[in-house]
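*Asks:* Given next are the chains, with one letter for each unit.
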Amino acid sequence: MGRVNRVLLLFFFMGASVLLSYAGLPREMSVQIKEGQLRESPAFLAKIVARLPYGEPVEIVAERGAWAEVSIPQRQLRGWLHVSALSSEKIRLQAGAASQQAGASRAEVALAGKGFDKNVEEEFRRLHPNLDFQWVDRMETFRVSTAEMQGFLAQGAVQPAGGGVE
Amino acid sequence: MMRITSFFSRFLLAAIAVVLAAVPVLGLDLGTLNLDKLIDRASSAIKVGETVSKSAENFTPSQEHYIGRTVSAMVLGRYRPLLDNDATYYVNLLGQTLAQAADQPETYTGYHFLLLDTEEINAFAAPGGLIFVTRGLLRCCQSEDDLAAVLAHEIGHVQRKHGLQTIKKSRLKTAFSTVWDESATILDNQKLGQVTGAFGGTIDDITGALFNGYSRSAELEADQDAVTILRRVGYDPNGLVSMLMIMEQRFVGDRTGFAKTHPAPADRIAAVRQVIGRYNPVSSPAVRQQRFLKFVGRS
Numbered sequence: 001m002g003r004v005n006r007v008l009l010l011f012f013f014m015g016a017s018v019l020l021s022y023a024g025l026p027r028e029m030s031v032q033i034k035e036g037q038l039r040e041s042p043a044f045l046a047k048i049v050a051r052l053p054y055g056e057p058v059e060i061v062a063e064r065g066a067w068a069e070v071s072i073p074q075r076q077l078r079g080w081l082h083v084s085a086l087s088s089e090k091i092r093l094q095a096g097a098a099s100q101q102a103g104a105s106r107a108e109v110a111l112a113g114k115g116f117d118k119n120v121e122e123e124f125r126r127l128h129p130n131l132d133f134q135w136v137d138r139m140e141t142f143r144v145s146t147a148e149m150q151g152f153l154a155q156g157a158v159q160p161a162g163g164g165v166e
Numbered sequence: 001m002m003r004i005t006s007f008f009s010r011f012l013l014a015a016i017a018v019v020l021a022a023v024p025v026l027g028l029d030l031g032t033l034n035l036d037k038l039i040d041r042a043s044s045a046i047k048v049g050e051t052v053s054k055s056a057e058n059f060t061p062s063q064e065h066y067i068g069r070t071v072s073a074m075v076l077g078r079y080r081p082l083l084d085n086d087a088t089y090y091v092n093l094l095g096q097t098l099a100q101a102a103d104q105p106e107t108y109t110g111y112h113f114l115l116l117d118t119e120e121i122n123a124f125a126a127p128g129g130l131i132f133v134t135r136g137l138l139r140c141c142q143s144e145d146d147l148a149a150v151l152a153h154e155i156g157h158v159q160r161k162h163g164l165q166t167i168k169k170s171r172l173k174t175a176f177s178t179v180w181d182e183s184a185t186i187l188d189n190q191k192l193g194q195v196t197g198a199f200g201g202t203i204d205d206i207t208g209a210l211f212n213g214y215s216r217s218a219e220l221e222a223d224q225d226a227v228t229i230l231r232r233v234g235y236d237p238n239g240l241v242s243m244l245m246i247m248e249q250r251f252v253g254d255r256t257g258f259a260k261t262h263p264a265p266a267d268r269i270a271a272v273r274q275v276i277g278r279y280n281p282v283s284s285p286a287v288r289q290q291r292f293l294k295f296v297g298r299s
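As you go down the protein sequences, you meet chains F and U in turn.
For reference, each letter of the first sequence is one residue, going 1 to 166 in this note's numbering.
For reference, each letter of the second sequence is one residue, going 1 to 299 in this note's numbering.
Don't read these hints as lab results, they were simulated from the structure.
Each hint can be trusted.
Chain F regions said to be covered by chain U (calculated; three or more residues, Cβ under 8 Å):
| hint | segment |
| --- | --- |
| 1 | 36-50 |
| 2 | 79-86 |
| 3 | 119-131 |
| 4 | 134-142 |
| 5 | 147-154 |
In this text, a Cβ means the ideal position worked out from N, Cα and C, and glycines have one as well.
All chains should be built: construct the whole structure from the sequences, respecting the hints.
*Replies:* Here it is in structure tokens:
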């Protein structure tokens with residue numbers, strides 16, 4: 001009896017651990033960065049098919065490595081996002097802020113209520129008036145497009161390994 | 001015997017609960033079984049566990065972003081940026097391309113790079129992906145592959161949250177426990193004061209570590225990440241070793257700045273060699289070398 005139980009249990013745990021190791025992402029997630037890049041395929045230089053605003057809810061359709069295939073049925077969008085762009089928390093935008101067109105200010109508003117945010121930065125800057133953010137703001141405008149990256153690699157004869165599917 | 005059986009049945013129950021908890025995650029549809037309540041209870045238990053042990057890992061990308069902005073302002077309070085648009089563009093082309101291949105390619109506003117106008121050999125990575133490299137460190141690079149190694153190493157610090165890990169626990173507590181009325185868009189002054197105090201402390205913790213150097217293990221981890229990123233993008237990981245070899249030569253007799261606060265380059269080279277094997281000098285294709293030399297000439 002004990003031995004049978006033990007064998008059964010062993011199988012049970014093996015089964016459960018296989019299931020659990022397979023269980024990656026929850027079914028519904030939210031974009032947790034300012035602008036999520038929805039790509040055509042799960043590769044780091046794949047074409048961007050849409051940009052998703054902070055807080056946008058997505059449905060997880062499939063997973064491959066660190067990439068999630070997501071769908072946004074309301075907008076008839078489907079594509080791949082890197083999991084680092086996703087949160088399992090539901091990010092609630094302020095009332096009236098349509099997630100589709102949540103501009104920077106609205107997205108910022110949605111951050112209020114939890115720890116370090118824009119309000120805190122502003123208060124800190126008020127207390128430290130000599131601290132200069134001019135270059136920090138400028139740095140954040142330095143953005144390179146996927147096309148520029150591809151051109152840069154090709155021009156320098158740099159060949160990505162395995163198409164970046166990781 | 002009885003005791004053993006009940007022991008096992010308890011385990012069996014626990015196992016069933018574990019599998020059931022996995023059901024929603026797997027997206028399985030068990031249809032007729034009404035498991036919602038059980039699952040809800042299991043997941044709320046997990047959430048309670050999470051709030052008990054808040055750590056640096058719990059910062060959201062946007063919170064990390066605000067920390068990183070102020071840390072960067074501190075860096076720029078000490079060093080002047082190098083004013084050269086072409087050089088800035090090149091370092092961002094290279095750096096942002098590398099970041100795309102990192103384990104954490106996405107941060108709140110992405111990775112951004114700036115050169116600092118100083119001969120000091122140093123680099124700083126602020127949380128969220130604002131990365132600074134000095135002209136002195138640039139001079140340790142002889143190829144684009146070498147420079148790629150420097151930038152990838154800094155990306156490693158960001159994705160491993162080495163900066164955030166230096167924050168004292170007491171500040172984390174304030175940062176995570178002060179929550180105000182969600183319907184209010186403006187915090188009340190007392191809470192704002194508390195959180196801002198914790199914020200200031202957080203900035204001190206991180207800049208302290210940034211200017212005095214991370215631990216040896218953090219440096220070695222960032223080196224490992226650099227090798228991974230370089231390989232994925234198609235750069236030669238030997239670039240990391242060749243850059244460290246030059247750095248070692250420059251450090252002779254210098255025990256200030258970076259040399260004082262970082263593990264010896266020889267130590268790092270030994271660790272990198274365990275991953276990439278024997279060192280082979282980098283030989284960049286001519287087109288790549290040409291554009292790198294043009295960049296170095298400007299900066």
